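Enquirer: Each chain, letter by letter, is given below.
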Amino acid sequence: MKKSHILAIAVIALAIGIIMSAAGDASVYVSFREARERAADGNLTKVHVVGRLPRDGRKNILGLEYNPTLDPNYFAFTLVDTNRIAQRVIYFNPKPQDFDKSEQVVITGAMRNDVFVADKILLKCPSKYVEKDIQGATASVN
Amino acid sequence: MLNTFIGDLGHLSVIVAFVAATVAAYSYYMAARNQPLGETDASWLRIARGSFFLHGAAVVSVVSCLFVIIYTHRYEYYYAWSHSSNHLPVYYMISCFWEGQEGSFLLWIFWQVCLGLAIIAFNKRWEAPVMAIFAGVQLFLTSMILGVVLLNVKVGSSPFILLRDFLTDAPFIQSNPNFIPKDGTGLNPLLQNYWMVIHPPTLFLGFALTLVPFAFAIAGLWKGEFTKWVKPALPWALFGGLVLGVGIMMGAYWAYETLNFGGYWNWDPVENAVYIPWLVLVAAIHGMVLWQRSKTALRTSFVLVITTFLLVLYATFLTRSGVLGNASVHSFTDLGLSGQLIIYLAAFVLLAVGLLVWRWKEIPVSEKELTTYNSELWVFIGATVLCLGAFQVLVTTSIPVYNAFLGFIGIKSNLALPADQIAHYTKIQLWIGVFVALLSGIAQIMWWQKNDKESLSNSLTVPGILTLLGAALVILLVQYNKLQMSAVYIVLLTTALFGVLANLSMVLTLIKRKVSLSGGGVAHIGIALMLLGILASAGYSNIISKNSSGLVYSKEFPEDINRDNVLLWRNETARMDGYDVSYTGQYFDVPGVPNYVNKELLFRTDDEFKALARAEIKQGDKVYFKAGDTVEILPENTYYRVEYKNKESGEAFTLFPRAQVNEEMGGLLASPDIKQFASHDIYSHISSVPDPRKEKDWSEVKEHVLSVGDTIFLNDYFAVLRAIEPAHETAGLGLKQGDLAIQGDFVVFGEKKSYHVHPVFVVRNRLIGRVPDEVEDLGLRVSFVNVDPSNKKFTFGVSTTQKDYIILKAVEKPFINLLWSGTLLMAVGFGMALVKRRREARAGVALPNTSTPLKAQPSKASRQVA
Numbered sequence: 001m002k003k004s005h006i007l008a009i010a011v012i013a014l015a016i017g018i019i020m021s022a023a024g025d026a027s028v029y030v031s032f033r034e035a036r037e038r039a040a041d042g043n044l045t046k047v048h049v050v051g052r053l054p055r056d057g058r059k060n061i062l063g064l065e066y067n068p069t070l071d072p073n074y075f076a077f078t079l080v081d082t083n084r085i086a087q088r089v090i091y092f093n094p095k096p097q098d099f100d101k102s103e104q105v106v107i108t109g110a111m112r113n114d115v116f117v118a119d120k121i122l123l124k125c126p127s128k129y130v131e132k133d134i135q136g137a138t139a140s141v142n
Numbered sequence: 001m002l003n004t005f006i007g008d009l010g011h012l013s014v015i016v017a018f019v020a021a022t023v024a025a026y027s028y029y030m031a032a033r034n035q036p037l038g039e040t041d042a043s044w045l046r047i048a049r050g051s052f053f054l055h056g057a058a059v060v061s062v063v064s065c066l067f068v069i070i071y072t073h074r075y076e077y078y079y080a081w082s083h084s085s086n087h088l089p090v091y092y093m094i095s096c097f098w099e100g101q102e103g104s105f106l107l108w109i110f111w112q113v114c115l116g117l118a119i120i121a122f123n124k125r126w127e128a129p130v131m132a133i134f135a136g137v138q139l140f141l142t143s144m145i146l147g148v149v150l151l152n153v154k155v156g157s158s159p160f161i162l163l164r165d166f167l168t169d170a171p172f173i174q175s176n177p178n179f180i181p182k183d184g185t186g187l188n189p190l191l192q193n194y195w196m197v198i199h200p201p202t203l204f205l206g207f208a209l210t211l212v213p214f215a216f217a218i219a220g221l222w223k224g225e226f227t228k229w230v231k232p233a234l235p236w237a238l239f240g241g242l243v244l245g246v247g248i249m250m251g252a253y254w255a256y257e258t259l260n261f262g263g264y265w266n267w268d269p270v271e272n273a274v275y276i277p278w279l280v281l282v283a284a285i286h287g288m289v290l291w292q293r294s295k296t297a298l299r300t301s302f303v304l305v306i307t308t309f310l311l312v313l314y315a316t317f318l319t320r321s322g323v324l325g326n327a328s329v330h331s332f333t334d335l336g337l338s339g340q341l342i343i344y345l346a347a348f349v350l351l352a353v354g355l356l357v358w359r360w361k362e363i364p365v366s367e368k369e370l371t372t373y374n375s376e377l378w379v380f381i382g383a384t385v386l387c388l389g390a391f392q393v394l395v396t397t398s399i400p401v402y403n404a405f406l407g408f409i410g411i412k413s414n415l416a417l418p419a420d421q422i423a424h425y426t427k428i429q430l431w432i433g434v435f436v437a438l439l440s441g442i443a444q445i446m447w448w449q450k451n452d453k454e455s456l457s458n459s460l461t462v463p464g465i466l467t468l469l470g471a472a473l474v475i476l477l478v479q480y481n482k483l484q485m486s487a488v489y490i491v492l493l494t495t496a497l498f499g500v501l502a503n504l505s506m507v508l509t510l511i512k513r514k515v516s517l518s519g520g521g522v523a524h525i526g527i528a529l530m531l532l533g534i535l536a537s538a539g540y541s542n543i544i545s546k547n548s549s550g551l552v553y554s555k556e557f558p559e560d561i562n563r564d565n566v567l568l569w570r571n572e573t574a575r576m577d578g579y580d581v582s583y584t585g586q587y588f589d590v591p592g593v594p595n596y597v598n599k600e601l602l603f604r605t606d607d608e609f610k611a612l613a614r615a616e617i618k619q620g621d622k623v624y625f626k627a628g629d630t631v632e633i634l635p636e637n638t639y640y641r642v643e644y645k646n647k648e649s650g651e652a653f654t655l656f657p658r659a660q661v662n663e664e665m666g667g668l669l670a671s672p673d674i675k676q677f678a679s680h681d682i683y684s685h686i687s688s689v690p691d692p693r694k695e696k697d698w699s700e701v702k703e704h705v706l707s708v709g710d711t712i713f714l715n716d717y718f719a720v721l722r723a724i725e726p727a728h729e730t731a732g733l734g735l736k737q738g739d740l741a742i743q744g745d746f747v748v749f750g751e752k753k754s755y756h757v758h759p760v761f762v763v764r765n766r767l768i769g770r771v772p773d774e775v776e777d778l779g780l781r782v783s784f785v786n787v788d789p790s791n792k793k794f795t796f797g798v799s800t801t802q803k804d805y806i807i808l809k810a811v812e813k814p815f816i817n818l819l820w821s822g823t824l825l826m827a828v829g830f831g832m833a834l835v836k837r838r839r840e841a842r843a844g845v846a847l848p849n850t851s852t853p854l855k856a857q858p859s860k861a862s863r864q865v866a
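Heads up: the protein sequence lines correspond to chains A and B, in order. Taking my numbering, I'd label the letters of the first sequence as residues 1 to 142. Taking my numbering, I'd label the letters of the second sequence as residues 1 to 866.
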């Protein structure tokens, strides 16, 4: 066998390995129900959950818990996933600034006991154009 | 007045540029068709050149129109309104130009016009076929900013669209179509940074440069000239590798300085989208060098050069089509160009792959089998390793694309990017680094000598021994500092050290012969140093703000949770790892004053960009503003002064991490401040602050009736009413003649210093006005409520608020300077190789390809290599 053939086989083997590793490490978007089932099965791999923050009639977010003077690294909130299942989430970091404004929240992490421990929070804020319209309208007319 | 002329001129120029590119592509194609390389149909060539020049002129006109619109604040245009504002300095107006998708396409188009003209000037022989590809690419790119509706399909998004045509539904547009906003919505303040002025042009020049070798390769396949394209294309490829590499690292440095994820690289898809083609481009350069020297790896060079360009197109598709969605924080907003981008990508994939398949069998292959003692074998393996590294990043970064594709064909997929991206990429990229360092060292030594077992072991001995000694020393030092070093890290450390030393030994030898030969070696040293810098700064970054003493009130999972942030009360000192740290107030950036200015010296006015000086603003002995002067400020950024004192060495320094009001990015954004030492950086950023935009919650006013000389406790601070005095004309008071104004003079004794508090009581036309005074440091506000002249008693109202605090994260990053200095060295190496290859390409006549090995007969130098 020529060296080039050996090299080619090695490269193909490594490429397959790389694909397997990507497939193995890739996470999934799930609902809270599935996240709970996974935890119940002893599967502690981290998942992505997409949800919204529950608000009262005056648009205030319900169930935010952040008291930096007691513990700056403890932030808890409730997230409602797309199937309307609410779940308590804990994030051992300071509350992201302007968490209150966000429309959609993506969290990664896993269920531990009865709470979802998040290690990353991605916020999706309302489209910037919405606010711009209002700003533009208040400017004077030439 | 609504000025539609300049926009119409710009839009017309875009259309001219598009049509001219189409004509140029067709006529260059006709000029080169059925002709051997170097010969052209003169009349077609004349038309082709003319239309490319016209295309270039039209592009310059587009650029000028857009810049004039931004520069003259013509907010009737959507682009100026949404990317610029009245307060923006000129150098940032340049950044607004490419903040939007259209402008960045324009930048790219502009660079390719420049490169096209350079090829017409310098590569005459290749002009027609190469420029046919160039003009073809320009055709696709200009179509992206065309903004024309053809058969009910919108083609491209024009930067010259009027605000009223963009926001057709807005009520203020419907009531008055000629409405022009007074101010724009501004450039994202995150991008108001000098790196953002030069980083995008660098990156887009790098993107544009990948087109040059691609066009040469395609022209070679087309014309059946399979070998001659390499020599003129190689300097361009090296230039591309240099510019793209530097551009990536500029972006990394910007992220390190400006964003707060704690480092320079986040494996964000947008970053990866540039990293992937760069790796493949570097591999392609190695393939081309192999062909130049040993007439091997020609097919590899074709494949890699073509792949690089196609990956740039794929990157464009990823970042601009909206397919990344949630996966990236900083891709462009979706302009609905996905269809056009896919057509662009597909057209070139089909063209390139088709040509390659058609000509594959005709591309010459070297028959000789490479042995272990051929440096070519190891260079080739090194290039393969680079490609595998690119492949991993590509496979993972494309996960959102798989979802989109599966969704398109009707299969629901819920795949997400890995939850721990750093771990996922590191476990492969670290080994890529190991092999790159190792192979670059071995191959560089073998490249310059005739190899057999003996000569190889001779020349590897010295760097090998030094490497082992150095690695042992470092491992001992790491253990001495009570840090762990895993086996993988030891491997990377050893190979990277070997990469530095082996290349260094070769560079030292080569410099004696001819400096210009050592470009490759210098670049390799740079890369190996970068690897060492990454290993040290990322592998041993140490969070010094670990919350060890803080009250932990959540007991749920106390065992394995990192608590990385500390709360610092204003003016109280906290202990943090080896440092005493205190937060001592909020500051603003005042243009014209070199350092930040304490917010307490500034009285904010209704115009948010202006403030009045409450007292002299001076630094050192120089007075910049007197009390009462109007001061211009940059209101978005608040800087928090944090003092560090090293408890061991007593060394003290001050950092000003920043919080920025940034509506586009969702509100309040923190940027770090970095103290650089030779051996490490101290990097710290705000994690949370009481929102500077919100009114404070003041307690109910408590009234105190006092006489001069009385003492009281205000918010737990001891205070004396020293006097009642006529009020001076101070900032913001606006006293008029006939006003009666008096003020209380309190001294409040705080933790670190005492404060004068002057609440003012004004009588104007029998109306009473009260101007309270606030001490932000102490969370205290005093107002002068009433005067009882008969008893000489004065009533003061006192309210308090929660004391100001910040939540801080601080990280120590050891030896990060190795990364930056390695980057510079890599750039220098690329530059040296570029100069050498360009000289060879211009020499025109191929040098004889016989080589005299260095070791055997060092006197007979000169080979045409590396």
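Heads up, a few of these hints could be off.
Said to hold, decoys possible - Just so you have them, the derived chain A footprint on chain B, three or more residues with Cβ under 8 angstroms: (1) 31 to 43; (2) 280 to 287; (3) 383 to 396.
What the hints assert, rightly or not - Ranges between beta-carbon positions, derived for each pair: (4) A:N113 / B:K182: 35 to 41 angstroms; (5) A:L70 / B:A652: 56 to 62 angstroms; (6) A:A86 / B:K182: 24 to 30 angstroms; (7) A:N83 / B:F5: 53 to 59 angstroms.
These are calculated hints, taken from the structure and not from any lab test. Predicted, not measured: the structure shown is a model, and the values here were computed from it. Note that beta-carbon positions come from the ideal geometry of N, C-alpha and C, so glycine has one too.
Enquirer: Which of the stated hints cannot be reconciled with the structure, identified by number in ascending sequence?
Expert: 1, 2, 4, 5, 6
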